[in-house]
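Heads up: the protein sequence lines correspond to chains P and A, in order.
Here the first sequence is numbered in our numbering, starting from 1 and rising by one per residue.
Here the second sequence is numbered in our numbering, starting from 1001 and rising by one per residue.
Hints in this document: simulated from the structure, not taken from any laboratory.
Each hint should be verified, as a subset may be incorrect.
[Unchecked claim] Which chain P residues face chain A? A few, computed with CB under 7 Å, are given here:
(1) 36
(2) 40
(3) 44
(4) 232
Backbone N, C-alpha and C define an ideal beta-carbon position, used for all residues, glycine too.
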Amino acid sequence: MALGTPQRDPLGSPNWQDLSASLLGEGDIRFDDRLRVTMPIIAENQHMFPVSVDARALGDVRRLALIADLNPIPLAIDMQPRPGRAFVETRIKLDQRTPVRGAAQLADGTWIVSGNWIDAAGGGCSAAPVSRVRGDWAEHLGEIRGLGVAEGEGARLRLAFRHPMDTGFVANIPTYHLETLTVANDRKETLATLEISAAVSEDPAFSLFVDAKAGERLTIAARDTNGLDYRAALVVGAAR
Amino acid sequence: MRPSRRTLLAGLAALPALPLFAAPLTYRITPQPIGDGLWLVRGDDGPIAATNGGAIANIVIAATDAGTVLVDCGPSLRYGQALKLMAETLTGKPAVRVYLTHLHPDHIFGSAAFDPKVLATTAAVAATIEQEGTSFSDGMYRLLGDWMRGSELRMPGTILPGDSETIGGRTFRLLTLSGHSAADLAILDTRTGTLIAGDLVFHDRAPSTPHADLPKWRAALDRLAAVPHRSLVPGHGPRDLTPTAAIDQTRDWLAWLDGMLRAAVQSGSDMVEAGDTAIPQRFAGITTARYELQRSVSHFFPRLEAELLPRIDDKVR
């Protein structure tokens, strides 16, 4: 593809041109289904729509992003994966029918993008979190559940946090969400780093693949927009 | 490529002779006789969609000496009106009773076509309809558009006090159950031995679970299996003459779903992967399976994670 002639967005998104310029910056954009974006055929719950972005087939990926074009907060996840570990699954809010995409940046700066439209009733970003309505969000804030399981040459992690993940679009409830998540081993090597926005659902959950073996202890650290730190640890279990 | 004038003309000639303005949306109500004075109006086995006008639930029409009895009344005012006209023409008697099996909109949004006194259900079902019934309105209008015109949920005006009701010499046993939703009503037509199960039973069509409580649903299926009956009308899917295959199939699907989701959570899997799980071969004849499976993942997975994943934060260590 010649420089200066960007590929046409196969999803025909109304705002992709501006959005990609602001989120992805410089660098060619190529649309390629080898970046696998997987999601259900129906958005049963617009507050909590699961999506996985798998760029492991692309080789050396430096950045991996999860984007919903027509959300008021389009960028849900922005991570710097370790080699061969460019994968994330999470649940996001949907504010209306929108393209949902993954974007993976290669070492040469090129972005590989793919995704699909999902129909949604909407309002997922402007409804009060369930725990705010129930009133018990503070009681459970920072509870973390999780599991690590050896898989192939690494380990698969499932991490589920209790956090209201306020968007700031609900009257009298300012923005308040987890903003970073890191996974490290006992040798203080960082295995995964994610930046998280309020487009990620209340009680956020994440699946990641990391370089770790069965029996290895991993530490999880997260921080929210009020500067609160959350810590957890788990030992990777044997492959199932 | 621009079509030539000739292909355009050929295309026009092939069109049926329709007026140029859009034909009004019309439901085709086709009752099939299933017993003495008993008819089934089969719903479409797909999801609620503009292509079927939301008419996906099975409806039963029963003739009695005192008037027509209906079980459920469909997704919209327009459907309810067409159903009422068809049923009253079929039996020659006015609708005197519409039993509402549970709160879901594909079964009860036709209620506005009927007198409130005619609309009847148990106190428990009525409570769920009053609490949550109207909340489905936005979603139904969004999915169905003009099919829904004028549809405003009418609350049941009669609370059924006992465990049976006899209308014009025909006795209906009323089974107060739960599990598909917080309150479900199943009905046995004693004259024909037809068990009208509402959405507690699905047949060759995947069960939907937005308000499901699986242990209660299993208990309800056990109770339905123990009710002597000759045939069964499920809430969705074809009639079962065996007469317990549909009950067994519903139980089998729910048990598979629950086991699969629990295993997925306990192995560290995620919602996307769980929704893409291969559907076992024994369910190959079940329609709308992937769609309902992915809905069910949304209904159950986060709760199962909260139940089954171990706490790992430093608050507990």
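Verification of the supplied hints:
no. : hint : verdict
1   : 36   : 10 Å, violated
2   : 40   : 4 Å, holds
3   : 44   : 4 Å, holds
4   : 232  : 4 Å, holds
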